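Chemist: Construct the complete structure from the given sequences, taking the supplied hints into account.
The lines below spell out each chain.
Protein chains: 2
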Amino acid sequence: MNEVIKTLLNHRSVRSYSDKTVKKEDIDLIIRAAQQAPSSIDKQQVTIISVEDKEKKKKLSQLVGDQKYVDEAPVFLVFCADFYRAKLAGKIMGEEIVITDSQEANLVGAVDVGLAMGNAIAAAESLGLNIVPIGGVRKEPEEVIELLGLPEYVFPKIGRAHV
Amino acid sequence: MNEVIKTLLNHRSVRSYSDKTVKKEDIDLIIRAAQQAPSSIDKQQVTIISVEDKEKKKKLSQLVGDQKYVDEAPVFLVFCADFYRAKLAGKIMGEEIVITDSQEANLVGAVDVGLAMGNAIAAAESLGLNIVPIGGVRKEPEEVIELLGLPEYVFPKIGRAHV
Chain U
0 MNEVIKTLLN HRSVRSYSDK TVKKEDIDLI IRAAQQAPSS IDKQQVTIIS
50 VEDKEKKKKL SQLVGDQKYV DEAPVFLVFC ADFYRAKLAG KIMGEEIVIT
100 DSQEANLVGA VDVGLAMGNA IAAAESLGLN IVPIGGVRKE PEEVIELLGL
150 PEYVFPKIGR AHV
Chain B
0 MNEVIKTLLN HRSVRSYSDK TVKKEDIDLI IRAAQQAPSS IDKQQVTIIS
50 VEDKEKKKKL SQLVGDQKYV DEAPVFLVFC ADFYRAKLAG KIMGEEIVIT
100 DSQEANLVGA VDVGLAMGNA IAAAESLGLN IVPIGGVRKE PEEVIELLGL
150 PEYVFPKIGR AHV
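Residue numbers (numbering that gives the first Met the number 0), protein chains in the order written: chain U, 0 to 162; chain B, 0 to 162.
Please keep in mind that the hints were generated in silico from the structure rather than gathered at the bench. The structure displayed is predicted, hence computed values, not measured ones. Just so you know, not all the hints are guaranteed correct.
If chains are identical, the list can't say which one is meant, so a pair holds when it fits in one copy or spans any two.
[As the list claims (entries may be wrong)] Here are the simulated DSBU-like cross-link-like pairs (lysine-lysine), alpha carbons at most 35 Å apart as the crow flies:
(1) Lys58 x Lys42
(2) Lys19 x Lys58
(3) Lys42 x Lys56
(4) Lys5 x Lys86
(5) Lys22 x Lys90
(6) Lys55 x Lys42
(7) Lys67 x Lys90
(8) Lys53 x Lys42
(9) Lys138 x Lys19
(10) Lys23 x Lys42
(11) Lys23 x Lys67
(12) Lys53 x Lys23
(13) Lys90 x Lys19
(14) Lys23 x Lys57
(15) Lys19 x Lys86
(16) Lys5 x Lys67
(17) Lys22 x Lys5
(18) Lys58 x Lys23
(19) Lys5 x Lys53
(20) Lys56 x Lys22
Modeler: Listed below in structure tokens is the structure:
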């Protein structure tokens, strides 16, 4: 069995973290791996926000349903479906982006967030880091959007606490 | 850079296939890797259908928007959000599963399908196989559901042609 499949089969969610800092180059690699996931019609509609600020993490841990491991994790990555970028690009090119008028945007955004996050999990675990996915970022979307300063057409789908 | 991250960063979508058969043990490994992806509240709401029958693949290649590489690929995996299993389990335990009444089911199902598929792609590529994700399985959902004989509460989210 090769290293990739071993890593995937060994996945476990971990909710207890040490207080070690995650190396910036590891976060960069994890995000690069996530960005390399396929996206629907190559629209790259996923944005990943790395939250390391203690105050913001604390507030997020409450907003996702009082899950203290979000606060305790050294890094919390928020995976957002992001059609703002496509809207901007459309504006520049004089093309109207209409997917955001339909349910299809919700589905495409969610699948693409999952694909990106799948890669991020595998990358993190291959580096000896552990994670737990937090669907609770969809619990109070308006507050999370305000806290992270997200523009329109950007929606937090899933978060991920780790080391 | 480790083998896992190398594999993830090397991902490319491939739409041209040889006519070699994919080994059954490789398909099994790919599906096991996909099943090991995290799922929301561990509900395991993803079902993967491996379509190898020539007639069905041909019909699917038309239903997804005349994409001939679906027909040409030796295997076409259909990733479905599946709440039928939870509904059945709920019935046995005397609990009502209500998530299917809300948009949250659509989002959870789509994210979980993405997570499972992310693993499946990494596993396939680590075995020297190539893939392309096909969002077109959502194009004619009723026909796809009928062709694959899916029960209620099971929805095809994304397909994947490969070798």
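Chemist: Each hint should be assessed against the structure and marked as holding or not.
Modeler: Hints and how they fare:
1. Lys58 x Lys42: Cα proximity of Lys58 and Lys42: in one copy and across copies (31 Å, 27 Å).
2. Lys19 x Lys58: Within. Shortest intra-copy distance 21 Å satisfies the 35 Å Cα cut-off; inter-copy 53 Å does not.
3. Lys42 x Lys56: Intra 29 Å, inter 27 Å, cutoff 35 Å: intra and inter.
4. Lys5 x Lys86: Close across copies (32 Å), not inside one copy (40 Å); limit 35 Å.
5. Lys22 x Lys90: Close neither inside one copy (38 Å) nor across copies (47 Å); limit 35 Å.
6. Lys55 x Lys42: both (29 Å within a copy, 29 Å between copies)
7. Lys67 x Lys90: Answer is between; shortest inter-copy Cα gap is 33 Å, intra-copy 41 Å.
8. Lys53 x Lys42: both (33 Å within a copy, 31 Å between copies)
9. Lys138 x Lys19: within (28 Å within a copy, 47 Å between copies)
10. Lys23 x Lys42: both (27 Å within a copy, 33 Å between copies)
11. Lys23 x Lys67: within (23 Å within a copy, 43 Å between copies)
12. Lys53 x Lys23: Within one copy only: 16 Å inside, 49 Å across.
13. Lys90 x Lys19: neither (44 Å within a copy, 45 Å between copies)
14. Lys23 x Lys57: Intra 21 Å, inter 48 Å, cutoff 35 Å: intra-copy only.
15. Lys19 x Lys86: For Lys19 and Lys86, neither the intra-copy (39 Å) nor the inter-copy (42 Å) Cα distance is at most 35 Å.
16. Lys5 x Lys67: Both, since 30 Å and 33 Å are each at most 35 Å.
17. Lys22 x Lys5: both (24 Å within a copy, 19 Å between copies)
18. Lys58 x Lys23: Within. Shortest intra-copy distance 23 Å satisfies the 35 Å Cα cut-off; inter-copy 48 Å does not.
19. Lys5 x Lys53: Cα proximity of Lys5 and Lys53: in one copy and across copies (34 Å, 32 Å).
20. Lys56 x Lys22: within (18 Å within a copy, 46 Å between copies)
Comparing the model with each earlier hint shows violations of hints 5, 13, 15; every other hint is respected.
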